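The primary structure of each chain is shown beneath.
There are 2 protein chains.
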Amino acid sequence: MTAPAINTRAKWLNKVKWDEHGLVPVIAQEVGSNDVLMFAWMNREALARTVELGEAVYWSRSRKKLWHKGEESGHVQKVREIRLDCDEDVILLKIEQVDNIACHTGRHSCFFQKFEGTAKSGEWQAVDPVLKDPEQIYTK
Amino acid sequence: MTAPAINTRAKWLNKVKWDEHGLVPVIAQEVGSNDVLMFAWMNREALARTVELGEAVYWSRSRKKLWHKGEESGHVQKVREIRLDCDEDVILLKIEQVDNIACHTGRHSCFFQKFEGTAKSGEWQAVDPVLKDPEQIYTK
Chain A
4 MTAPAINTRA KWLNKVKWDE HGLVPVIAQE VGSNDVLMFA WMNREALART VELGEAVYWS
64 RSRKKLWHKG EESGHVQKVR EIRLDCDEDV ILLKIEQVDN IACHTGRHSC FFQKFEGTAK
124 SGEWQAVDPV LKDPEQIYTK
Chain B
4 MTAPAINTRA KWLNKVKWDE HGLVPVIAQE VGSNDVLMFA WMNREALART VELGEAVYWS
64 RSRKKLWHKG EESGHVQKVR EIRLDCDEDV ILLKIEQVDN IACHTGRHSC FFQKFEGTAK
124 SGEWQAVDPV LKDPEQIYTK
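Line by line, the protein sequences give chains A and B.
Heads up: take any position in the first sequence, counting from 1, add 3, and you land on our numbering.
Heads up: take any position in the second sequence, counting from 1, add 3, and you land on our numbering.
I should point out that these hints are in silico values taken from the structure, not numbers from a laboratory.
Note that the structure is predicted; figures quoted are calculated from it, not measured.
Heads up, the list lumps identical chains together, so a pair's fine if it works in one copy or across two of them.
Derived DSS-like pairs (lysine-lysine); straight-line CA-CA distance at most 25 Å:
id, residue 1, residue 2
1, K67, K20
2, K68, K20
3, K135, K117
4, K123, K68
Could you put the whole structure together from the sequences, leaning on the hints where they help?
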């Protein structure tokens with residue numbers, strides 16, 4: 004993402020307890036349904052940009068760069084509220100999910116695998132529908 | 004927590020991508036309201052015990068031991084469903100929260116601090132009520 008410089012020294016950013024990698028875990032929850040759609044990470048710049056832009060900007064740990072959610076898929080997350088937990092080391096974003104799809108698999112939520120069974124013999128089953136073929140999402 | 008030995012080698016546990024510390028992030032969401040109540044971590048044993056017991060057992064990173072949520076406060080979390088995300092490295096627990104209080108501050112949810120303001124001048128404000136005085140919670 005190329006974007007203009009942003010102030011990452013604002014006082015409110017100091018209240019967040021960034022981990023040893025300068026990151027904080029982030030939960031994205033859909034306004035209205037309250038469904039948990041995804042989980043990701045932010046650094047100071049990602050959080051500052053999220054507030055500035057009003058859309059979720061994460062830090063991609065695999066690609067090691069800022070990730071404006073939806074930049075490729077169009078599945079942008081409009082941020083309606085930002086919460087911080089009691090220990091000040093986890094962020095909860097309340098968002099509106101464009102196109103209703105947060106997951107790269109084309110599902111509404113990333114949490115589509117449900118545990119079935121017992122501790123001795125369990126399995127994870129995909130229980131939520133694919134709303135859009137991933138090949139159709141990432142054609143740009 | 005003293006507890007009987009448990010099988011931590013079950014095949015379904017291998018599907019989870021444990022991080023370099025052998026942990027996975029866990030989001031606890033209330034059944035019904037869908038409120039996100041807290042965020043914590045589990046290791047293999049914590050997840051196996053959670054399934055076995057039907058109550059949330061986390062790994063306390065600060066105390067470096069298993070933590071049966073509610074063991075001191077009584078605020079146990081009854082587990083109704085367990086979900087795994089698309090990358091298989093985050094767990095979502097759907098729980099019933101005993102006494103309606105998940106947070107050690109005596110609030111319903113740990114995410115009680117709301118961001119107000121702008122990127123330049125923001126602040127975090129506690130916006131949810133304390134339901135029970137923490138001194139009354141931890142008297143045992």
